[in-house]
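Position chain B against the provided structure of chain A, taking the given hints into account.
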Amino acid sequence: MKRAIFCAALFLAACTPVATRAQNPGTIFIQNATVLTVTHGNIEHGSILIRDGKIAAVGADLKAPEGAAVIDATGQYVMPGIIDCHSHIAVDGSVNEAGPAVSSMANIADVLNPDDINIYRDLAGGVTTANILHGSANPIGGQTVVIKLRWGKPASELPFQGALPGIKFALGENPKHSNFPSPPGVQPRYPGTRLGVEEVIRQALIEAREYKKQWDDYNQRKAAGEQNPIPPRRDVRLDPLVEVMEGKRYVHAHCYRADEILMLIRVANEFGFKVRTFQHVLEGYKVANEIAAAGAGGSTFSDWWAYKMEAFDAIPYNAALMTERGVIVSVNSDDAQEARQLNQEAAKSMKNGGLSANDALKLITLNPAIQLGIDARAGSIDVGKDADLAIYNRDPLSVYAVVQKTLIDGQVYFDRQRDIAGRATLAAEKQALLDKEKKAAEAKKAEEKSEKTPDTKPDKKKKPPQDGGGGVGVASGVAGGSR
Amino acid sequence: VKILNFSSRALALILAVSLAIPAWTQSAAPTSYAIKGGKVFTLAGPAIENGTVLIRDGKIAAVGAGIAIPGDAQVIDATGLEVYPGMFDPVTQIGLNEVSAVSATVDVSELGDYNPELVAATAVNPASSHIPITRANGITEVIAAPGTTGFDLQSGGLIAGQASAFNLAGWTMDEMQINRSVAMVINWPSIQTRTFDFATFSIKEKPYADVKKEYDKSVNTLGDWMDRARHYAQAKEKGSSALFERDLKLEALVPVVQGKLPVLVIADEARDIRNAVDFCTKQNLRMILGSGAEAWKVKELLKDKKIPVVLAPTNRLPEQEDTPYDKPYTEPSELFSAGIPIAFSSFGTAFSRRLPQYAGTAVAYGLPHDEALKAVMLNAAQIFGLADQLGTLEPGKIANIIATSGDPLQLQTQVRYLFINGQLTSTDNKHRELYEQYRKRPQPAR
Chain A
145 MKRAIFCAAL FLAACTPVAT RAQNPGTIFI QNATVLTVTH GNIEHGSILI RDGKIAAVGA
205 DLKAPEGAAV IDATGQYVMP GIIDCHSHIA VDGSVNEAGP AVSSMANIAD VLNPDDINIY
265 RDLAGGVTTA NILHGSANPI GGQTVVIKLR WGKPASELPF QGALPGIKFA LGENPKHSNF
325 PSPPGVQPRY PGTRLGVEEV IRQALIEARE YKKQWDDYNQ RKAAGEQNPI PPRRDVRLDP
385 LVEVMEGKRY VHAHCYRADE ILMLIRVANE FGFKVRTFQH VLEGYKVANE IAAAGAGGST
445 FSDWWAYKME AFDAIPYNAA LMTERGVIVS VNSDDAQEAR QLNQEAAKSM KNGGLSANDA
505 LKLITLNPAI QLGIDARAGS IDVGKDADLA IYNRDPLSVY AVVQKTLIDG QVYFDRQRDI
565 AGRATLAAEK QALLDKEKKA AEAKKAEEKS EKTPDTKPDK KKKPPQDGGG GVGVASGVAG
625 GSR
Chain B
19 VKILNFSSRA LALILAVSLA IPAWTQSAAP TSYAIKGGKV FTLAGPAIEN GTVLIRDGKI
79 AAVGAGIAIP GDAQVIDATG LEVYPGMFDP VTQIGLNEVS AVSATVDVSE LGDYNPELVA
139 ATAVNPASSH IPITRANGIT EVIAAPGTTG FDLQSGGLIA GQASAFNLAG WTMDEMQINR
199 SVAMVINWPS IQTRTFDFAT FSIKEKPYAD VKKEYDKSVN TLGDWMDRAR HYAQAKEKGS
259 SALFERDLKL EALVPVVQGK LPVLVIADEA RDIRNAVDFC TKQNLRMILG SGAEAWKVKE
319 LLKDKKIPVV LAPTNRLPEQ EDTPYDKPYT EPSELFSAGI PIAFSSFGTA FSRRLPQYAG
379 TAVAYGLPHD EALKAVMLNA AQIFGLADQL GTLEPGKIAN IIATSGDPLQ LQTQVRYLFI
439 NGQLTSTDNK HRELYEQYRK RPQPAR
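Those protein sequence lines, which keep their order, are chains A and B.
Here the first sequence stands for residues 145 to 627, where the numbers follow this note's numbering.
Here the second sequence stands for residues 19 to 464, where the numbers follow this note's numbering.
One chain only, chain A, in its complex shape (with noise of 0.2 Å):
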């Protein structure tokens, strides 16, 4: 099977679906709704008030205020939004800076794309929120953000206010590049072992300590009222580690084998700061006791497996089994299309290892809210929150419910019925579109022919192909070298 990650008409990415341009934030009412508030219960008939992008008010006996948009949800399902702790999407061309060892200094925050249309797909599948990662090419990774779905907006108006950005780390057949072998002539990378994998992010945490200690030591200087001191030189790989160490900065950490989680574990002990997350983590059933009391959160796959060596022992009770042991478990995507189907992803906890619907629900919303240091502001339907919800034509967690709205700051920036509506005019303009460029393409034809005299040469370039001719046949999940 072909998945085609490049388009025939890439020009269409600036035409923004009609369904997207969200409304003035004002009070917005939603009504007569199944509202799953994740932290209190269900509440039928159930109604929330949105005020100047907050939740405002949630029960089962509000009345809309006078002027307030009314969203009319009679028999469907509010969900708090969908929150991905492992997405790739948004990012200008490759999730790898896959040269160095350490790739601390790149920053995915710095190559946002806006106009990635996964946003959009994404935004369907009722996400609001993502943490977009670097990839997994090395033992420490690039810089990493969070950003909420607005599509439309500039990439500016992306990252999630507030949210702490992360670093990405990464353990395991990827960093040691066991399954993307060197081409010929091309003198392998260090690390190529397990081994060296945790040689490389200890011997970085100690350069790390000592830039640390060399500005620690400038500053108290400072203080103390010396006259010019000397500056440490600004490392800019390093920086983003001191940050680590004094906990502006999360660590999720791309994993698979229980002896590497508990390796990592070790080396954040040493070094004195926590594993915010261990993403993957599909051994993480069989080392949970540790990741629970290490204070970590899990980042998992509902059922992915054997894909590669380490994970052939992934279980698809993974989940439910870290939960039983108190790990804050997220299930995530690390995939556009996975990440539209994350409710399904959820539902199958209660399949495999008898999770409740509400903790389902969790692992979707408040769980990877609390490992990304959010749930203040997202991750269930409470007031004072950011008005960030999906809204379902059925309970969430069965294969058959369909999202209908998604809002985030409590617009719309995901209607279905707009969207349906929307399709003729896009195709329209489509269509004038490549008409204009026929006629331009013939019109230049004619022109170079009625100008070509015998002392020219013809022309040999061939003129690109009308119909495309574009399409990549390969799996996006290994281009993007990511799981």
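Source of the hints: derived by calculation from the structure; they are not laboratory data.
One or more hints might be untrue.
[Claimed, not checked] Straight-line alpha carbon distances no greater than 20 Å define the calculated PhoX-like cross-link-like pairs of lysine-lysine that follow:
no.: 1; chain 1: B; residue 1: Lys300; chain 2: B; residue 2: Lys323
no.: 2; chain 1: B; residue 1: Lys278; chain 2: B; residue 2: Lys300
no.: 3; chain 1: A; residue 1: Lys452; chain 2: B; residue 2: Lys448
no.: 4; chain 1: A; residue 1: Lys198; chain 2: A; residue 2: Lys297
no.: 5; chain 1: B; residue 1: Lys458; chain 2: B; residue 2: Lys448
no.: 6; chain 1: B; residue 1: Lys315; chain 2: A; residue 2: Lys574
no.: 7; chain 1: A; residue 1: Lys574; chain 2: B; residue 2: Lys345
[What the hints assert, rightly or not] Here are some, though not all, of the chain A residues that point toward chain B, as calculated from beta-carbon distances under 7 Å:
no.: 8; residue: Ala268
no.: 9; residue: Trp449
no.: 10; residue: Ala480
no.: 11; residue: Gln485
no.: 12; residue: Gln488
no.: 13; residue: Ala491
no.: 14; residue: Val543
[Said to hold, decoys possible] Anything over 12 Å on all C-beta distances counts as not near chain B; from chain A, calculated:
no.: 15; residue: Gly170
no.: 16; residue: Asn176
no.: 17; residue: Glu591
Glycine included, each C-beta is placed from N, C-alpha and C at the ideal position.
Showing chain B alone in chain A's frame:
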């Protein structure tokens, strides 16, 4: 809270059942079962409340309400359960692919572009851990298709080999096999100017003219193979061994050009599908379209030529940036409404267990529920010529049956009983074993 109680009870029940049944019990007594008390969905008529399914010697012996249960039959109480034909995943790499990234465990794609003589059944590993895991989710039979791409495999070969249908339980492939050759797999060449180069991990661009030339050459070569196979068949018919040397590749293509063996043509883009249909029409081949991400663009053609579609997973991204966001979800419904036979498929190994999820998503976007059930249980059997043996609960068919806690397409539904080839088969598997093992790990006091 309600669901928690239900799930806990369900789990306890499953664990109790799984302990009582050996992995599989081919040829062991009893060979006669009576599944009674459940709501029976035969897919050949209306559902039967409180129905009974009798199984004898691997086959369904009788289905109905109020059927007398023979004295030697082991009775399975399916009260409160729903009874269906097992699910059928028609394009997989099950048995040929254990760990995708470890090539030593993968036998999906042979070197070379034209390998019609290769047969999947040759290398299906009956001890693959994917088999018990897949069947525990209600999939009782699959087709392994060589050269097809899973979620992280690259395609291999234009004529990739013959696909084999088999039951997901048995000691050897000989016992499991339903039909050694159900289709010839053709990966239709695609005009791709941009390709991803794994060696350099970058995108390579080629001029359209060059790519088109390569494409035309591939299609011409495919045509040559079919022509030669026809000549080979003629020479063989004449009976003189002096007239030809035995050629395994041409021999394998003879049933294809004679219309006895369908071709499973894997193609996604509308242009490729049109070209493939054109080719198969001219060559008089029985075409089954596989994957068909843009089959919705060529509905009329597919309907007109009576070409069934084995659908790529519903849960995928749209092909083009401007394709409606839900097109992959609505495509099954659109094709069904156009009168095109469809079957769902995983096209994978580890994700075979997602088959009901793919069908369920299609129902959410308009496919009638009963049609979705057929598209995971019956239609693949019809498309691959196995409907006389599989796909419905009717006397004489292979007893591949599931008894579920509810709607088999729903995410929370548990498979409580599993019959494969007429044998009560365990739903135990590597994943549940690991779960049980690590669940017993002592937990420190907190």
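Okay, the hints, checked on the actual structure:
1. Lys300(B) <-> Lys323(B): holds (12 Å)
2. Lys278(B) <-> Lys300(B): holds (16 Å)
3. Lys452(A) <-> Lys448(B): holds (16 Å)
4. Lys198(A) <-> Lys297(A): OK: Lys198(A) and Lys297(A) at ~19 Å, within 20 Å.
5. Lys458(B) <-> Lys448(B): holds (16 Å)
6. Lys315(B) <-> Lys574(A): Between Lys315(B) and Lys574(A) the Cα gap is close to 16 Å, so the pair holds against 20 Å.
7. Lys574(A) <-> Lys345(B): holds (17 Å)
8. Ala268: Holds, because the Cβ-Cβ distance from Ala268(A) to chain B comes to roughly 5 Å (cut-off 7 Å).
9. Trp449: holds (5 Å)
10. Ala480: holds (6 Å)
11. Gln485: holds (5 Å)
12. Gln488: For Gln488(A), the interface hint holds, since the closest Cβ of chain B sits about 6 Å away, which is under 7 Å.
13. Ala491: Holds, about 4 Å.
14. Val543: Because about 3 Å separates Val543(A) from the closest Cβ in chain B, which is inside the 7 Å limit, the hint holds.
15. Gly170: Non-interface label on Gly170(A) holds, nearest chain B Cβ at 27 Å vs cutoff 12 Å.
16. Asn176: holds (22 Å)
17. Glu591: holds (22 Å)
Of the numbered hints stated above, none is contradicted by the structure.
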